[in-house]
Amino acid sequence: MSAETIIELVNIGFQYAGSERRALENVSLSIKKGEVVAIVGHNGSGKSTLCKMLNALLLPCEGTVTVDGMNTVAEENTLEIRRRVGMVFQNPDNQLVTTIVEEDVGFGPENLGVPPAEIRKRVDAALGEVEMREYAEKASHALSGGQKQRVAIAGLLAMQPEVLVLDEATAMLDPRGRDEVLSTVMRLNQERGMTVVMITQFMEEALGCDRVFVLSDGRLVMEGTPEEVFNEREMLENSRLDAPAYVKLRDALAAAGLPVSHSAMTCESLADSLADAFHKKTKPAAGKKDRNHADSN
Amino acid sequence: MPIQIEQLSHTYMPGSALAYPALSDITLTINDGEFLGIIGHTGSGKSTMIQHLNGLLQPTGGRVLVDGLDTREKKLRKKIRSLVGMVFQYPEYQLFEETVAKDVAFGPKNMGLEENDIHERVFEALTLVGLPPERFAEQSPFELSGGEKRRAALAGILAMRPKYLVLDEPMAGLDPRGRAEILSLIESLRSTNGTGIVMVSHSMDDVAMYADRIAVLDCGGLFMEGAPEDVFSRGEELLKMGLALPQATRLVYALRARGVELEHNYYRMDELQSALIRRWNA
Amino acid sequence: MTANITLGQFLPGDSCVHRLDPRTKIMLMVLYIVIVFVVDTLWVFAVPCLLLVFMFIMARVPASYFFSSLKPMRWLLLFMFIINLFSTSGDTVLVQWWIVRITQEAVLRAVFFTLRLVLLIAGTSILTLTTSPIMLTDGLEKLMSPLRRIHFPAHELAMMMTIALRFIPTLMEETDRIQKAQMARGADFESGNIVQRAKSMIPILVPLFVSAFRRADELAMAMESRCYHGGEGRTRMRELHFHTGDLTASVLLCAVLAGIEILERLPL
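Read top to bottom, the protein sequences are chains A, B and C. All residue numbers for the first sequence refer to the numbering used here, where the first residue is 1 and numbers rise by one. All residue numbers for the second sequence refer to the numbering used here, where the first residue is 1 and numbers rise by one. All residue numbers for the third sequence refer to the numbering used here, where the first residue is 1 and numbers rise by one.
Keep in mind the hints are simulated off the structure, nothing from the lab. Bear in mind the structure is a predicted one, so any value in this text is a computation, not a measurement. Worth double-checking, as some hints may not be accurate.
Unchecked claim - Below, in silico cross-link-like pairs of lysine to aspartate or glutamate (EDC-like), each with a Cα-Cα straight-line distance of 20 Å or less: (1) A:248 with B:270; (2) A:248 with B:206; (3) A:248 with B:205.
To be verified - Pair ranges (Cβ atoms, derived): (4) B:281 with A:228: 29 to 39 Å; (5) C:157 with A:116: 20 to 30 Å; (6) A:263 with B:280: 13 to 23 Å; (7) B:112 with C:175: 50 to 60 Å; (8) B:142 with A:234: 31 to 41 Å; (9) B:146 with C:196: 28 to 38 Å; (10) B:127 with A:235: 26 to 36 Å; (11) B:32 with A:255: 36 to 46 Å; (12) B:25 with C:78: 36 to 46 Å; (13) B:281 with A:263: 23 to 33 Å; (14) B:9 with C:176: 13 to 23 Å; (15) C:255 with A:70: 38 to 48 Å.
All C-beta atoms in this analysis are idealised placements derived from N, C-alpha and C, irrespective of residue type, glycine included.
Could you build the full structure based on these sequences and the hints that come with them?
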């Protein structure tokens, strides 16, 4: 994984016209190529505003946003920036432009003026990558939420982006749809080195990321690995966020004296750590456990 | 009196080439004041089933009795809809009036109540959902935040003072705090007013936390119904249906796979926590 | 459940009509309409009728679609037939009963009128059955593009049509949902006089409009994110090319028109 920065935000400030409060205040962060990054925050923390700055849908009032060396303020960069940073939005319906799936996937390349034969190739390839090839000629409105989001992703892949941004793209999906979208995106990262930025409220989604940024009331209050961030319980509390359920359980058990691993954050890793602890405890080291063991033998 | 669902079947567009059997032979009783959770994979018939509870859909086979009233009788539907309040997914999309108060009053007005009664109910409902009337009654519903809109929509149903409240994914699209607020509101309705709750949800943890009983739908049929303990003890089958398990149950199964057996199939995190600590200290 | 939409329903297929350039089909449809109106003699009507059957066969569209395209209009057709029957004046009286007069001219008028309507409805349905929505809008856009020189927004109109067609089923589902939600609150859409029923639509229309605007906003953002910047420099995945089939079909229909003109002038 290259350590090259692909998106850089420096001292970003933003205020919506007609609003008194600052949506974003002095936010600086950088995203490296090939990373999977999560931006988490409560409702109104500014994460959606921040998200729209990544592809020049919004321009900062103060500070600069640089995508692959291009400043988002310069109008001549806009189309290229939007090609490189593909964005998936929350509502699966309101991203589909045409009636038929493959025509929708081709919408992006058509806008870029790509030659027709090349568009055809890209559409087929993109649908293959999101595992929706059988649906190429189907009506887009009839798909499930997860399928619609995958078609949206395919539409972005057809433009050959470097970064995929998911703006709470799983919020309106059922668990199966959420799984479909997340596994597709993770696979793209692992197999193609696609940089992924996930804006989310679900802490569980942030667990699989390389780094997590926490926004609260327009400010960046913490950045770090998921482990580092979820261990800052007080900071999370103040940011009106919840640590993942297993992390909370782990901490409660640790406080009660169980030797659980400090890095266990998922069901599997917590089960491993607990099973280890329990097995070690019942080993016939000495004392009262011996009699029980002798009986069971 | 309970809601009785007797051998309910529903086929969309019966007799045509596109006939689709959404529900087959469902028999279920929903008791006064109980919290029933309805779970099932997407397409299992959950939405279809709840629309039978207030007569929005008519059975193609079997019948549904609400407090003894048959939903197939057109004349009884108005009464049934005042007994069974229904909150659809993303209810904020049904707001339409000029002010929040007028919108909340829509339901009571359709019930033909007196002005004073309506006013009192609107006031009560808004307070109940956490939207103080002094501040919110005269605002336009379209100026509220997402969470506030949802609560306003909920108030619109509560103002009808239904005996049963049917909710289809009431927490969809809300942030963790919003989810917790709506859920505790629903539970308090049940514990304070004795309102029967029927909640369709994909969130196993929420259902595990609050439901007295759970009904599991699978491909239009009732797979099983019972206490959460019993339902979640059939984890293998639930997983095969494409359903998730509550997080506590998942951990219980994971521990079991690693040779650590717990006395129960815990489905609540707090209970699992206590059990693990007890086991450690034993 | 999703509403069944026969409105402009597209039937995917690979017939030679399907493969015709949409521009050809649009222009030939205009020609077909001219043919239907030029015919003015009873037995000459056989020609467009045969043409219709021919088109259905070539498009490999089952006969059931002929009937389903007419079904929504059946009462209107009957109504118009009866109106024409009784309102046209003429000389050769066939039936006289009290104030009712049916003349031979009237019968002919009524038959012509109804026959024309049937031919029009069924014939134009072939266009929508064999052409996908985006091909239709692409064809229209291409046909209108010479008008761009006088600043006619051909591309914008075509894009609007594409998006409108895409959202019809979605909006219909939403209308259904909103209607059900309001019914659950005791709304009644069936009883009352005209004024009451119109008023009762407000709880459906207002949320629908608000939602439509919100969708438009979000869709615009999504389109911009996908580098949409108007019609300049846009290519198409499926390019429109004229083939020999287009020439053949055009020649055929022109021949039919010419033939009808000749037949009409024959002293029979």
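We went through each hint and held it up to the structure:
A hinted pair counts as satisfied when its Cα atoms are at most 20 Å apart, and residue 248 of chain A with residue 270 of chain B qualifies at roughly 10 Å. Taken as a hint, the residue 248 of chain A and residue 206 of chain B pair is honoured in the structure, with Cα atoms around 17 Å apart against an allowance of 20 Å. Only pairs whose Cα atoms come within 20 Å are accepted, and residue 248 of chain A paired with residue 205 of chain B is accepted, the gap being roughly 15 Å. The hint said 29 to 39 Å for the Cβ distance between residue 281 of chain B and residue 228 of chain A, and at roughly 31 Å that hint holds.
Checked against the hint of 20 to 30 Å, the pair residue 157 of chain C and residue 116 of chain A passes, with Cβ atoms roughly 22 Å apart. For the pair residue 263 of chain A and residue 280 of chain B, the supplied restraint of 13 to 23 Å holds, since their beta-carbon distance comes to about 20 Å. Range check, residue 112 of chain B to residue 175 of chain C: about 26 Å between beta-carbon atoms, so the 50 to 60 Å window is missed. Taking 31 to 41 Å as the suggested C-beta distance range, the pair residue 142 of chain B and residue 234 of chain A conforms, at roughly 38 Å.
At roughly 33 Å, the beta-carbon separation of residue 146 of chain B and residue 196 of chain C lies within the given 28 to 38 Å, and the hint holds. Here the CB-CB span from residue 127 of chain B to residue 235 of chain A is close to 34 Å, well matched to the stated 26 to 36 Å. Range check, residue 32 of chain B to residue 255 of chain A: about 41 Å between beta-carbon atoms, so the 36 to 46 Å window is met. As the Cβ distance of residue 25 of chain B to residue 78 of chain C is approximately 43 Å, the hint placing it in 36 to 46 Å holds.
Residue 281 of chain B and residue 263 of chain A have their C-beta atoms about 24 Å apart, which keeps the hinted 23 to 33 Å range intact. With their beta carbons about 21 Å apart, residue 9 of chain B and residue 176 of chain C fall inside the hinted range of 13 to 23 Å. Look at residue 255 of chain C against residue 70 of chain A: about 60 Å separates their beta carbons, and that is not inside 38 to 48 Å.
Checked against the numbered hints above, the structure violates hints 7, 15; every other hint is satisfied.
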